[in-house]
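This is what each chain is made of:
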Amino acid sequence: MKSSDGLPKQIEDILITHRRGFLKSAGLLAVSIGVFGTAALDETAAQTGPPGPYRDPDFHEIDSWIVIHEDNTATFYVGTTDPGQGTGTCFRQLMSDELDIAFDKTTCIMGSTDITVDQVGSGGSYALERHSWPMRRVAAEARRVLLEMGSKHLGAAVDQLAVSDALITVRTDASKRVTYGELIAGKKFNVALTGNNIDRISGQAKTKSNPELKYAGKSTQRDDIPPKVDGSLKWAVDVKLPGMVHARNVKPPFACAKLTSIDESPVKNLPGFIKVVSKGNYVAVVCEREEQAIRAAQRLKTSWQKPATAPFPASEDLFTYMRSATPVSDHTPGGAGESEPSPGSRHAVEADAGLRNKAARPATAGESGLHVPPSRPPAVGNPPMRAPVSGPVVVGNPDAAFSAAAKIIEAEYEIPFQGHTAFAGAHALADPSNGQMTVYTNDMKSYSMRRGIAQFLGMPHDSVRVVWMMGPQGFGRSAAEDAAFEAAWIAREIGRPVRMQWMRDEETAWDTKGPAFLVKMRGALDSAGNLVAYDFHARSCDHNHVGYNEPDSVLIAQLMGIRRAKPAAGSAAMPSDMYAIPNRRMVGEVVGLPTLWETPLRTGNLRDPNGPQPTFAAESFIDEAAATAKIDPLQFRLKMLKSGTHDDSGFRRARSIAVLEAAAKAYGWELRPSPKPPSKENILTGRGIAYTFRGETVVAQIAEVEVNRQTGHVWAKRLVCAHDCGFVVNPASLRHTIECCTLHGLSRALCEEVQFDTEKVTSRDWFSYQTLRHEDVPERIDIVLVNGDPNPNRPDLPPYGAGEASLKPMLAAIGNAIYDATGIRIRRVPFRKDRVLAALT
Amino acid sequence: MSRIELKVNGRSHTLGVEPDTPLLYVLRNDLDLRGPRFGCGLGQCGACKVIINGAAVFSCITPVGSVKGEITTLEGLSQNGRLHPVQQAWIEEQAPQCGFCQNGQIITAKVLLDKNPHPTDAQIREAMNGTLCRCMSYFRVQSAIKRAMKAMAGGATASTKEVVA
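Residue numbers (my numbering), protein chains in the order written: chain L, 1 to 841; chain W, 1 to 165.
This is chain W alone, in the form it adopts within the complex (with noise of 0.2 Å):
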């Protein structure tokens, strides 16, 4: 048994646990946190996503032995109680159905919009296009990233409780 230093959501924790123990059961079950999610173990979903070194990642494939940089997982992405735009344009949108995958659309999306922070439709479908969602959500995942888009440009989108049909 080892002992693996790991920083999350800018936390230091230090866990007794295997290094070759896929990241994602470290998270969820000694941390407890509740973003990054089994959807397939495989790599293929991206239900896992962690951001490490402003990469999406899939923890489920990830030892935890291997990482090296912050974790940030879903429910880090606010700061101070304030949701990170990404987040709000999701609610403004009310993109998710079911809402399982989103913690990979989410993940995948704040990390291509820090790189690309004005991408095409062409450059969006192509980053997310590793992220499934079987409610098929996507056309309304991609509206609420063109959403944030323009609220990370510049100018917020304001919140309301009522969306206009």
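Isolated chain L, as found in the complex (with noise of 0.2 Å):
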């Protein structure tokens, strides 16, 4: 629907023509331009039948971000989405600002392929702090061209005019005025940025500094809400297109099952029923009917075969099984999920090259040396702070230090599979008409689904088109990518509009998982209680980390028996820590079950990709040094981080001190150390700290529990979490999305866990697979925003990315304030109340 002033408020008000149009006539629609600036890499080699209509949009010209309407209104046009934090809102409040426009004059349409630019999606928390940038650039050289347009147009110099609200005035004659809209609407700017690449692109204009920002920096009010809130917002699961069909999966009952028959028979006089489709061990069902679909996908007989030998060990096991398995050779190419892919790249496997090239340098002391010097500019395909798989690293002598240690501690700590267990199943609806795929998805990576699917139907690239919409938040690579292959293969197959929905069970079983780790460290003490060396070895489960819309690696893609020449092999993240520890050695491994294809138990990224599990082993380890040198956790932390010399040009160690002692404060730490003196109470209290930087943004959590020594269960009562992300563009939407991700760190840290045994797995729904419920939430919770900058007032403090940092400590924050409870030191998750109790007793 349209607001009264005309504004497309929603994706479908200009799903059809006009935009495109308008691009197209602009002679704006490029041939799809790789990262590098050459053509294609995969440009299908099917290019059968005329072009398609889905060119890629220009991300040089103006005219493919921003359209000035003749009311004087403004469209942004966007390729970065909003998985559901608010950071839609944000790219407005920004580019109101460098624009010179009214906030409530514009309008932010996000990532469908064919009308926005390429900015990848969302996700890798790039949106404000990487993505942002062009948007501004982009907003402020159509300011400056809207001015050069007013000197003409109005007769004086530019530097006789102010503008404001997308009105342009001469200064000394305020009667002389023109509006953006007067100037430009219908029009095109026909203006070019430079640039190789989206995320360089540049004009003559240069952005704002922050005093001058108006709208960024104010807690405006989320656009996106009030129509959730209504009920008028139209998300990806209500879009109907004419002769629209329903579809449900029909999955195989157990890993590597081998489809030996179909009977048809119970379901093909159904009414509704349409067909059964499948190929290899991938079976769907097609109704007219939604609840027909579903009906039929359950009476459906199939027959399966068992892999000869089981594909998995049971989950109790599971960590049996990682301490004896052998871990993935150096020489196989990295996980492709492990980082976030950049704008324009065809893959993230560019990315890990990148990273992989670098050796692991022998860090200074006083840092983990595993960070991306933050005085380079991002650059492209460089992800954030992912180690190598291979090779230990070194800092000073490690040896030679456990040798002359007056203490040496050890410990050992655990953390299962995780799901993304998306609120509501995968799903996606996809449209064959005309030749043509369009996909209405709620996927976090529009445009590699749109090139993955492509692919996969071995289609040309522009006769397939990605509309985003709405839908669950999205928590990196989830199971919509594969519902969205399923819909556009089966809509090609039977030549109708396709929706596909995946049912509570095969969300809940199959979607990707973050892996499991198996962590063991040592620690060093000399007599004073100093931590002298330390030692971490991880290794994950990790083997094979499904990528974003790989048309070789999407669930539909195995089970029809596609195989990828080499699996990605994933990795075993470092934690990441400003502490000066002089002596260190780590190392990540990376393992896999006995089966990589056609399993549920199948990893990719999810929030905080291998952030959470290295971090409740390192910082529960940390904890246990001071608690063993019988020192306060804070105070203990905060000697090796104020003791650090090394070069900390990024700040992060200044920030790392800042974001700490403002969680004490905030919280009112009184010094002392850990555990609590015993009590006898039913109800136990105590009090964890734990602290970590995910790139930029530097976060500390205090949690404080009860904990029930009759039944186990924990209850966090108030959390504090003091967060560093440098500029913040909408403090109230901030707030609230750390808020979500502290609380989703809680629900990793008591509840979630993926449970299997040796052929499937068994958390099928709500009750086998746990999640925070409201009962659980704390009575209090504090966020403290935090400028540790050392220089907190500059005028070019950016934004850092916030949509994941606070989770990463949280498992171990409870873990340590559950010690401080009971002197009972857990090194498992989740702290599920059975574990608890046990642990008690």
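Since the hints were derived computationally from the structure, they do not count as laboratory data.
Heads up, none of these hints are tricks.
Cross-link-like lysine-lysine pairs, in silico, BS3-like; alpha carbons within 27 Å at most:
#1 W:K7 / L:K234
#2 L:K188 / L:K206
#3 L:K301 / L:K279
#4 L:K208 / L:K105
#5 L:K188 / L:K176
#6 W:K150 / L:K717
#7 L:K240 / W:K7
#8 L:K407 / L:K642
#9 L:K187 / L:K152
#10 L:K218 / W:K146
#11 L:K176 / L:K208
#12 W:K146 / L:K717
#13 L:K520 / L:K833
#14 L:K218 / L:K105
#15 L:K105 / L:K152
Pair by pair, the computed Cβ-Cβ distance ranges are:
#16 L:S209 / W:H118: 46 to 54 Å
#17 W:E126 / L:S324: 43 to 51 Å
#18 W:K150 / L:D647: 49 to 57 Å
Here a beta-carbon is modelled for each residue, glycine too, at the ideal position from N, C-alpha and C.
Using the supplied hints, reconstruct the complex from the two chains, each of which is provided in its own coordinate frame.
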């Protein structure tokens, strides 16, 4: 529906031709360009038939990003999507500021592949840190061009002009005025920025400094909330097309099952039955109505053959298995899922190659040595925080330090697979009309989905488009991608629009999961209680780690017998801290389950990929060292931070100290060693602290828990999160995002684990896969936004990513709080009550 | 195929649907409503909730033929273009993250406050415990319920564009 002032508010207002016609007539629909400016590497060879209509908008052209309407309003078209955290509103705030137009005279369209530029979609916590910059530079350039036009129109030099709210006036004579709409409406800018990739585009105009921003920095209400509350929003699940039918999968009953027969007799006479489609081990049923498809999928008779050997150990035997498994070889190419793909890149293997070429450099004392130096601009393709799979990172001389140690402590930590388990099952609608393919999805990566589906179906790239709409929040590589490929394939098979919906058991059992980790740690303390040596050895069960929208790794491809040449190896990441521990050795290895294909135990990026797992181990271990030294855990950490001397040009050390002190102050942290003196009470209380950084964002979490000695139940009564993500574009929506991300971490600390027997995942619904509920929520949450930059008022303070960081220390914060309350150190998450009770008795 | 009579958000409909069809799919696919939606199909998450005879009902496990009484969906909460105080509180509190579960949260909260205008924190948690959220917006939802409670008790809350952080 349109708003009363004619602004297209929702994607369907402009779906059909208006926008594309505009771009086409300006000659702005470029052939898709690879990240290095050359022709696309994997343009499908199957360029049969006439070229399709869905070209890629040229990101150099202002007209691909901004349209000024006759009524002096503007629509922004951007290639980053808002998964539900309010970043869409932030894009509007920033672009309105740079363009000098009133915020409420703008709308923003995101993520549809034929009418927006490719900024990858969402993920990586890159929306504001990285993707907002091209948006701002384009808007700034548009403002410059409009001022030039205004100058000619008004007969005054540009430096004689003032502009505000899309109105240009002559400073000395305000009666001389012209609006943006009067200058340009209905016409194109026809101005191009320069730059060989979308992250680097720039024009002549500079972006504004922070003090000049009017909307950014304010807690503007999110524009997507009212239609979500009043029921008027059209979600991806709400799209209906003429002739649309419904499909449901018949998933294999166990991993590596081989389909031996299908018996259609129970379904073929059911009302509304259309067809059973199958290829290899992939089976789906198609019916006219939704409930008919559900019933038919339940009743279809299929026979399957079990694999000769068990596809995996049962979940209770997982860590035993991981201990003795052989690590994936160093020479296996790294995980496509290891990092977020950069805009315009075909897939993230390019990014991984860039990282892998950097041999693990010996780090200097005072830092973990594994972060990208912040003084380097975020280069295309460089992921923020991933360590090489191969090789140890060594600081100082750990062996010597361990030999001389006054006291040695050892611990082993276990983190299970945890799932996406999206609130609603994966879904998509695919429309094969006119020999093209249009996919309606809420997936986070619309552009790679478009490329992947084109390749999978052997269709010309420009015959396929993806329309991005809203849905349940995705946390990375979600099953939304699998559902989209399935919908598209079935739609092509039967020639009608197909809505695919995964049922609850499919989503819970077959989603992509964050990998299980086993981490061994050793530490050496000197006689003064300083941690002088630290050995971190992580093993992740992350082979094969699926990437985004890959036509050779999506589930339907696997079930049809398609195999990548080499399965992606995944990664075992390192802790991220600024502690000055003079001797360190850190090693990460990846192992795989016996079966890598056609298995529900498949890994892929899940919110803060491979972050909370190593951090659980590392920040629990720091606490164990502090307790052994009988030093307060906050004090123990601050000492290791303050004694660091290595150059800290990214100010991470200063900001780490700032968040820890801010969290402690907000909580009212009184210094004393952990644990509390033993108590005979039934409810034991305690507090725990944990800290880490993620890219440039630094975060400290304090948890106060109550542990019920009789039941083992743990309640996080209070949480304090101190969070430094640089310049804050929208404080209110940031606080809410941090709050929700913190609680996601609490859910993974207390509730979540994938359960399986030797042939199938057994956690299949909300009872068998536990998630945080209303009753688990703290009674108090303090979010402290910290600006710990040594020059906090600097006008160029940039925003850093914030969608994931606050989750990262949560598992450790809760574990440390349980230790403080009970004196019992639990090294296995989640802290389910049966596990806690067993540890207490 | 039966002819089923339904009254939804104040309007009457006669539909040719099988009586064992879950109400959810009739509301969404035959009446084009968007409020109730599919989350689990098992009555575990609340995404599908609607109000029938003053109770919050899981439409995903309710056969359409069994419905007696008028149905109110999320769309039907507002009257004459004015949002229900619960909806208004949700906006003022900026409660949703992605928003997909909020149909269940809002419907359940509305029914709670209709039955118990002054619930304690414990009563709020207990009443809401069957509505799930994977974004973990729970804390903000509970704040919004308390805000709505105050508004419905008397004294509307002012709505402003800017929320003080």
